[in-house]
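Please build the complete structure, drawing on both the sequences and the hints.
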Amino acid sequence: MIRPTLALVLALSSISVAPVVAQTRPTTVEVYPIAETARLGTAIWRQDVAAARATDALLAASGGQAPQGLIGWIVSPDANGQRVRFLSGQPAAPQAYKDVVVDSELKAGPVTDAASAELSADELAQFAARNTAGQAIGPLRCAAQYNAVILKDPQGEGWLVWLLASTTQANIVPMGGHYRFHISADGRTVEKREQLSGGCLDMDRSQAQQGGQTVGLVTNLVVAPQPLEVHVFLSLLNQLPIYTVTGDKVWQVRGARISQVRMPAR
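Numbering (the working numbering), first residue to last: 156 to 421.
Note that these hints are calculated values from the structure, not bench results. On a predicted model such as this, the values are computed, not experimentally measured, just so you know. Don't take every hint at face value.
Said to hold, decoys possible - Restricting the straight-line Cα-Cα distance to at most 20 Å, the calculated cross-link-like pairs of lysine to any residue (SDA-like) are:
1. K347 x R296
2. K307 x G227
3. K404 x V378
4. K347 x G313
5. K404 x Q368
6. K307 x V186
Quick look at the structure:
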């Protein structure tokens with residue numbers, strides 16, 4: 156995936172890791188019902204885009220330069236969409252700095268000063284969860300930078316954190332190397348780490364074209380019996396259908412629509 160205003164994004168939201176490709180034995184990961192998979196993938200995409208749009212707004216309001224002292228951001232639901240709160244201070248003691256509300260159409264509003272520098276307990280836990288996941292990334296590392304998305308765990312009291320392999324190449328879709336973490340409610344303990352692919356796989360967008368038409372990208376999935384939320388995210392982000400092959404089944408992911416493809420009888 157690639158975002159605009161890359162320099163600031165990498166400085167604030169991404170997690171730097173050594174560019175190591177380590178193949179590990181794939182382990183089956185937890186899967187959610189299809190409807191929940193689609194919902195989570197859409198939420199990941201919306202948060203990722205909101206952070207990018209808010210970053211653009213912050214840069215525009217700062218004369219093209221990132222304000223000094225920023226250490227990251229958190230994204231929270233807002234009555235009008237999502238609030239991207241930029242943080243300053245130290246990672247162990249973050250403070251609210253600037254807010255940007257991104258509406259339901261994913262349009263960023265004005266940059267405003269945070270009403271108070273003090274973060275709520277929930278905000279502190281969310282930022283801690285992001286940092287906890289970043290410090291616990293596994294040996295499979297398919298990119299030098301990973302982007303983080305944090306959501307409430309729909310099945311528990313804690314957090315779900317995704318570390319998403321990123322790229323600076325506009326034509327590349329990083330299909331492999333993503334992680335999902337289950338983090339405790341206080342944001343400080345990794346309860347489970349899940350590697351969402353068997354290895355690294357960067358796919359060229361041109362592979363989705365055939366005869367001048369967009370047909371989609373095809374990938375094998377060995378860690379789950381159905382598409383995962385990251386496939387929904389990648390399909391929405393790249394505006395491409397993604398076909399996942401799981402054993403003897405083929406699935407189509409077209410944005411938030413997931414369906415099994417009927418194969419012709421032999």
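Starting from K347, check that the Cα of G313 is at most 20 Å away, please. At roughly 11 Å apart (the allowed maximum being 20 Å), G313 and K347 satisfy the hint.
Given the hinted pair K404 and Q368, is their Cα-Cα distance within 20 Å? violated, 24 Å
Would you mind confirming whether the straight-line C-alpha gap from K307 to V186 stays at or under 20 Å? holds, 16 Å
Against the 20 Å threshold, does the CA-CA distance of K347 and R296 hold or violate the hint? Measuring from Cα to Cα gives roughly 18 Å; hence the hint holds.
Is the Cα-Cα distance between K404 and V378 20 Å or less? holds, 14 Å
Given the hint that K307 pairs with G227, does the C-alpha gap stay at or below 20 Å? holds, 19 Å
In this structure, only the earlier hint numbered 5 is contradicted, and the remaining ones agree with it.
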